[in-house]
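So you can see what is in the structure, the chains are spelled out below.
2 protein chains.
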Amino acid sequence: MRMRQDKTEKNDTKTAPKLPAVYIPSLIMHQAFLRITVPEKNPSLHSHDNFEFHYFAGGTGCFFIEHEKIPVKQGDFIFLRPGEMHHLVTGSAAVTHYIIHVSFPESEVLPIDMHKRICGRGMHFRYFFERLLEKFSSGNHQLSKSAACDFLSFLYELSSGRKRLEEEVIENALDYLHADPARRLRLDELSAEIRLEKFSLIRKFKLAMGVTPMQYALSLKLQFASELLIKTDHSIGAIAREIGYDEESSFSRAFKKKFGKYPKLWKTQKRE
Amino acid sequence: MRMRQDKTEKNDTKTAPKLPAVYIPSLIMHQAFLRITVPEKNPSLHSHDNFEFHYFAGGTGCFFIEHEKIPVKQGDFIFLRPGEMHHLVTGSAAVTHYIIHVSFPESEVLPIDMHKRICGRGMHFRYFFERLLEKFSSGNHQLSKSAACDFLSFLYELSSGRKRLEEEVIENALDYLHADPARRLRLDELSAEIRLEKFSLIRKFKLAMGVTPMQYALSLKLQFASELLIKTDHSIGAIAREIGYDEESSFSRAFKKKFGKYPKLWKTQKRE
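Chains as they are written, first to last, in numbering that gives the first Met the number 0: chain E, 0 to 271; chain C, 0 to 271.
Be a bit skeptical, because a hint or two may be false.
If several chains are the same, the list does not tell them apart, and a pair holds so long as it fits within one copy or across any two.
No more than 20 angstroms apart at the CA atoms, straight line, and that leaves these computed lysine-lysine pairs for PhoX-like [what the hints assert, rightly or not]:
id : residue 1 : residue 2
1  : K266      : K115
2  : K256      : K17
3  : K257      : K205
4  : K269      : K17
5  : K17       : K266
6  : K255      : K269
Since the hints were made in silico from the structure, they are not lab data.
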């Protein structure tokens, strides 16, 4: 077999369409977490050095950003530039939202033109953010990096105007769970709500999210409790009952298992 | 409502787990395309200025890279460093492979440690690459950028060692179609092969890929023909018959519709 030496790219691109190359700037992803904001007496106006993105997964509230007052509700996607003073105020119920902090070392400017402060109102991105958080916090550095790429991909896709297809069943189940994190989960009710037979629901949810709906609901409840401990004056017993525990002691054990600390210590340490 | 001025990030990160920030380098995606390599008389050894990734979707062949001879088959994922001389040789049948060219402006080194030249042997990434190509070549610059992020995310995920879950039904249908691009598609046969009722198959495929299986198969056939026109001495009539057209004229019209040129002009222009 004779082989010609040919240093050009001619050969490989002969039948490929000519498309412009695309440039992606470097990126640092600092934080990615789910937060449950509870009504509090003294909300503190603050700012960050990085871009901050919020995706509102449940509840309603009001975002104060610089001199703007922006009502936010489930499905809203909001972003803040570095240095912008802001604070989120909730109504009587809690707001669950995913928060992502990123920066672009090459510039202080967002690489995409988001035009408005709110985009994607009414869209369903919970499943996307759940997978993102799972990868980011996996403890595997390569997976965390993959999560950062996913987020940038998401931003570009959002600003492209194309509708993103998400797994509807999972989205609806998360919708139900985030609507009221304190509610006692009844699988029959969830099953009826999203019109999926109970065992299919558990299997699909587990496959997509890595945990069962019950485990997910428990995790959400404990996270809710962790916020209540810091932001309110409710007693530990009252908080335990709020999220459906009859016994303060079993709540404390479950809390310790998730956060590594008993609620009492959590409350005093985080309040300082 | 009283608001405290608080410039630190304390508030937002109170209940978030402390995770290390991750850095993603800048990236340029130069090319992303599906290629059907046909047996040819004078394969030319060549190299590129960028990293080149191949995902083998169908057929078998042999990759000559520098002084190595690497047999490749369906499911292999291979990468080449800038400047590495290489050429792909196929057996008697065609090889379908996805090719991606990227570079990292900050360094000549791949940001991930791929260890070996081949990774992911036997994995199913066709659906992923189909979506990537669709986004990259959409004509929407933001979507093209999103595709570039998706690719980097994919590389990190691949090197993390985690198994990627893909839509199995679509993967199996693509498997069938890529196994022999020239074959006349019979929906009944495909339906039986992947064990999915015909109308469900069409609906699922259309939802995932944006086109029906028939449209996808036609596109693949015409791409196969475009390679045969350049790399072989087969007449246009013979190539038309090879991909299942009885009439050369209807083949020519379909070819013109996809590539904007009649096969005769394509053959003479590309060969120069």
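* **Numbered hints the structure breaks, given as an ascending list** => 1
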